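Residue numbers (my numbering), protein chains in the order written: chain F, 1 to 625; chain H, 1 to 448.
Keep in mind that the hints are not guaranteed to be accurate.
Straight-line alpha carbon distances no greater than 16 Å define the calculated EDC-like cross-link-like pairs of lysine to aspartate or glutamate that follow [unchecked claim]:
1) 405/H x 589/F
2) 420/F x 407/F
3) 121/H x 335/F
4) 557/F x 419/H
5) 561/F x 419/H
6) 512/F x 406/H
Only some residues are given here: those of chain H computed to face chain F with a beta carbon under 8 Å [to be verified]:
7) 62
8) 172
9) 239
10) 243
Since the hints were derived computationally from the structure, they do not count as laboratory data.
Computed from a prediction, not measured in an experiment: that's the story for all the values here.
Idealized CB from N, CA, C, for every residue including glycine.
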Amino acid sequence: MKHIQNKADVLVVGGGHAGIEAALAVARIGKKCCLITMDKKAVGRMSCNPAIGGLAKGQMVREIDVLGGIMGLAADNTGLQFKMLNRSKGKSVWSPRAQVDKRMYEQYINDYINEQSGITIVEGEVVRLLLKNNTVTGVALRGGEKILARTVVLTCGTFLNGLVHIGERKVRAGRMGEQGAEGITEYLVSLGFAGGRLKTGTPPRLVAGSINWDQLDISVGDKNPTPFSYRTTEFYPPNVPCFTTQTNPSCHKLIRGSLSLSPMFSGDVSGVGPRYCPSIEDKIHRFAHREAHTLFLEPEWRDSNQIYTNGFSTSLPEKTQIKALRCVRGLERVEFYRPGYAIEYDFFPSSQLKASLETKYIAGLFFAGQINGTSGYEEAAAQGLIAGANAANYTMNRDPLLLGRDEAYIGVLIDDLVTKDTLEPYRMFTSRAEYRILIRYSNAGERLAETALQHNLISAELFETISNYFNISKKTVRALNSSLRPEDINPTLVSLGERPIKQSCPAKEILKRPAVNIHHIPYNFLSLADANDCPAFFFEEMLMEAEAIIKYEGYIKRQLKQIENLQKQEHRVIPADFDYLQVSSLSQEAREKLDFVRPETLGQAYRVSGVSPADASVLSVYLFR
Amino acid sequence: MILDDTIVAAATPYGYGGIAVVRLSGGAAESITQNICRRTAKFKDRHATVVTLYGSNKEPFDDAVVTFYKHPNSYTGEDIVEFSCHGSPTIVEKIIELAMNLGARTAEPGEFTHRAFINGKLDLVQAESVAAVISGQGEKSIQLNHRVLSGELSKKITAIKKSIIDALSYVEFELDVSEDDLVPDAVRRVKQIISLALSEMSLLAKSFREGRLLNRGASVVITGPPNIGKSTLFNALLNENRAIVSAVPGTTRDVVDASVVYGGISIMLTDTAGIRNSDEEIESEGIRRATEKIKNADVVLSLFDVNERELFTTKGLNGSLLPVLNKCDLYNQQQINKAQGEIDGCVCVSAKTGDGIENLKSAINKNLCVTENISDTVFLITQRQYDVTNSCINALNQTLKLLEKDPVGFELLSIEIREALDAVDRILGKTTSEDILNNIFSNFCVGK
Chain F
1 MKHIQNKADV LVVGGGHAGI EAALAVARIG KKCCLITMDK KAVGRMSCNP
51 AIGGLAKGQM VREIDVLGGI MGLAADNTGL QFKMLNRSKG KSVWSPRAQV
101 DKRMYEQYIN DYINEQSGIT IVEGEVVRLL LKNNTVTGVA LRGGEKILAR
151 TVVLTCGTFL NGLVHIGERK VRAGRMGEQG AEGITEYLVS LGFAGGRLKT
201 GTPPRLVAGS INWDQLDISV GDKNPTPFSY RTTEFYPPNV PCFTTQTNPS
251 CHKLIRGSLS LSPMFSGDVS GVGPRYCPSI EDKIHRFAHR EAHTLFLEPE
301 WRDSNQIYTN GFSTSLPEKT QIKALRCVRG LERVEFYRPG YAIEYDFFPS
351 SQLKASLETK YIAGLFFAGQ INGTSGYEEA AAQGLIAGAN AANYTMNRDP
401 LLLGRDEAYI GVLIDDLVTK DTLEPYRMFT SRAEYRILIR YSNAGERLAE
451 TALQHNLISA ELFETISNYF NISKKTVRAL NSSLRPEDIN PTLVSLGERP
501 IKQSCPAKEI LKRPAVNIHH IPYNFLSLAD ANDCPAFFFE EMLMEAEAII
551 KYEGYIKRQL KQIENLQKQE HRVIPADFDY LQVSSLSQEA REKLDFVRPE
601 TLGQAYRVSG VSPADASVLS VYLFR
Chain H
1 MILDDTIVAA ATPYGYGGIA VVRLSGGAAE SITQNICRRT AKFKDRHATV
51 VTLYGSNKEP FDDAVVTFYK HPNSYTGEDI VEFSCHGSPT IVEKIIELAM
101 NLGARTAEPG EFTHRAFING KLDLVQAESV AAVISGQGEK SIQLNHRVLS
151 GELSKKITAI KKSIIDALSY VEFELDVSED DLVPDAVRRV KQIISLALSE
201 MSLLAKSFRE GRLLNRGASV VITGPPNIGK STLFNALLNE NRAIVSAVPG
251 TTRDVVDASV VYGGISIMLT DTAGIRNSDE EIESEGIRRA TEKIKNADVV
301 LSLFDVNERE LFTTKGLNGS LLPVLNKCDL YNQQQINKAQ GEIDGCVCVS
351 AKTGDGIENL KSAINKNLCV TENISDTVFL ITQRQYDVTN SCINALNQTL
401 KLLEKDPVGF ELLSIEIREA LDAVDRILGK TTSEDILNNI FSNFCVGK
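Using the sequences and the accompanying hints, generate a full structural model.
Have a look at this one:
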């Protein structure tokens, strides 16, 4: 039996978006990391859509960036076009998204990891953990080799008993090799972990040459785009256009006629599918009144001959897929590289984890990514970063890195994961954040840079860069508190069709009018002459941030007040051995749920699915009377 | 409040009677009862069993009927035992004492209902109506509270809540799913739903006055110049000689109250001193008290006659003013017609002969604005419900204000709509803090 020498502090199992951020976080903190992947060539691969960010996800990419992660920087360097979504809907929900070149992205990630000292990459399949007294001590590989370490981060979610459905055809996938062999899922179940099954869909990949591009609508990125990363100083993305088209009644009719052949629709898939990323057959069935759905034809890489059909996830038989797509404008003669398919996979309900992402049953074992029932690169990366950082903290007996629901989308993500039932793949939405106004993409640096520095996740130099950016918004807010004279602003107000002012009044009061934005305020007034070394895109972003602070002033105060009121119960610690089953006044459901989830704090307990407010008050009386 | 012990209390009022009921609730209710009855067999769920009760000296002291309700199918959701014993305070006290010796504790006021709430048997609105049912007077009050207790008000509020959630999901869809620019359709739909919810919540808020009127009873105050016949009318309305009547102006010095029921509504009728400038100390005090009563009355009966046409008015009247032309028996039809023509909505009576008294009674009811047929309406019944309804209305108003702006801030809409939802949840007690709950239940009587 071979022991791999050079004992690492943290073993990261899996080289997807979660594994990468985990390994990099460990290395940044200064601990040794060994990343075990089944396929060295697949590290950092974008297995699904060729895009990073999007609604609520873009905010998380920014947060990952402040915590020193790679995702944002990689997207900035490999993006084909960048777009700020929700621009018409208020700054707290603005969400950046990039179309990226998948090949370049993967390459960029690999180069970055290879340059990072402290990370060793090992090829192999982990089938078992090494344990001592319910504490992890390493892993065993398929070939029998053992690798020792104080902590293990499992991020191998996409490889857990995958089952691909194309029409009525089923193919086992993701496990690469040895048929019927016992894998890590079975092993974890044997340790007492509860498991479940989820499903997700993918759309067909089209042959670029078979598309009639002239018939499609063009969708380009922003003219003056904003990068994800505070580390990006030069930013000239190529702004490669995307193309869109629309489904139509004859396409819908074809699909409707074949619904019985779709395993994602017919109920043949035992996992539960994502509500917000529905398959085309689900969309047509559920939004029956809509005659058209938009399809985005996204190049997988620059000049790619392979096109991702965003909006057309399906598990219909290949023949139906192609017939239906050929009804669509511009796709009359379309050919497939690969049909769409549904994939089913195992996951482990994440209420078995602490907020640090360490499992409650086995010390030193962390889970991150799709293994926790989430969907999406950004959700995976965020968890990977936190799990990696906390695995490193664990080896140093340091307090874990925990983010509150009022601090970051990542905080919302993890709190939801450890308290809520996962009935479908978890995807982030801005509406999951009750303090949405407070956690804007544009103030991520302000919110998280200090925490990142304290945990050694970023350098003092980057911290200073970020602080300097935010000094611009702070200065601007200060300037906006002083008064504007009527002659300086009235011409602008009149041209906007706004009521002019009669006497001097604080600039912020004028800015609070819905029709007025920061650029309507005379530039000299903002006295920002010394902000010249800031890249133009961040300068602009900081002005936007100042505008948000002013426009949201009343609401920000209200939310801060709410948080203050909740803080008292939020952090009350519940003893780990508390016997919920004995509390007869709790409803049966609450007793069982709380006994399974075993929340760490009263705040978490209140949010456990199945716990009613009445149960919550019983619990509070019981624990703290 | 402690929740895992067994509580005991008399459920019927203190005193002698045919039977008295003692109630036990909690995990030990059955074993305590077995002990008192010296019985080893279990009690059958929802069955009445005749038993003999034994004191601690093992001497039998009463025969009683015991009814056992196994959890969760009981009022509190816990095991409940009800002793129906002979109606002697000594027997009741003895049962309670025995139960306490066996580990039970005397219940706090309202603790049975509090437990029912905690165990999800009732929502807060329903729980509040339990107290109202007990203290309610008049048939309409009882009808109303029964409707609230059986969940009609909760159902109404839940329906409004559902529509507010619909509006919120439109807003969130725009923010979270739709990557397109805002569609005017979304604004229009949200506006429509919120306006409707607002008008329904406003109706509920308005219903509070009526609900309170039904539950607490209405206050009707008689006023007018001295010697206009206020006390005679008071007696006529009561149908008994309560107030002293004489021809001397200023006979009534203090306020005189009496309670009557008209058309199913309990009314507190008040006779007052005639308002005039008086140097006399006692009369002045009487006039001060009268003024106070008038201000807070639901209906003020303002008496006049054809010679004393000047109607009593006062600023800051909370209720409505009902002009009453008294002494009709002294006037001819022409005089009466003239007075009626000049004074809007006036009712003619003769307190002395009793003419027009029935008309006056129905005019009072009409002025109280009590809905004739309350079987298809719901009312708010507590101040708490009213206050929270108003904060919901505020949030909905803010929402509509935001919808008028251009561009509409959808992320702010979401905050206001969530605030409205939070208020609705507070009405139902879904998010109500422990102190508020304790406050609500402590207003109950012990044993309920």
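Cross-check of the supplied hints:
no., hint, verdict
1, 405/H x 589/F, "45 Å, violated"
2, 420/F x 407/F, "19 Å, violated"
3, 121/H x 335/F, "61 Å, violated"
4, 557/F x 419/H, "15 Å, holds"
5, 561/F x 419/H, "13 Å, holds"
6, 512/F x 406/H, "12 Å, holds"
7, 62, "31 Å, violated"
8, 172, "4 Å, holds"
9, 239, "49 Å, violated"
10, 243, "52 Å, violated"
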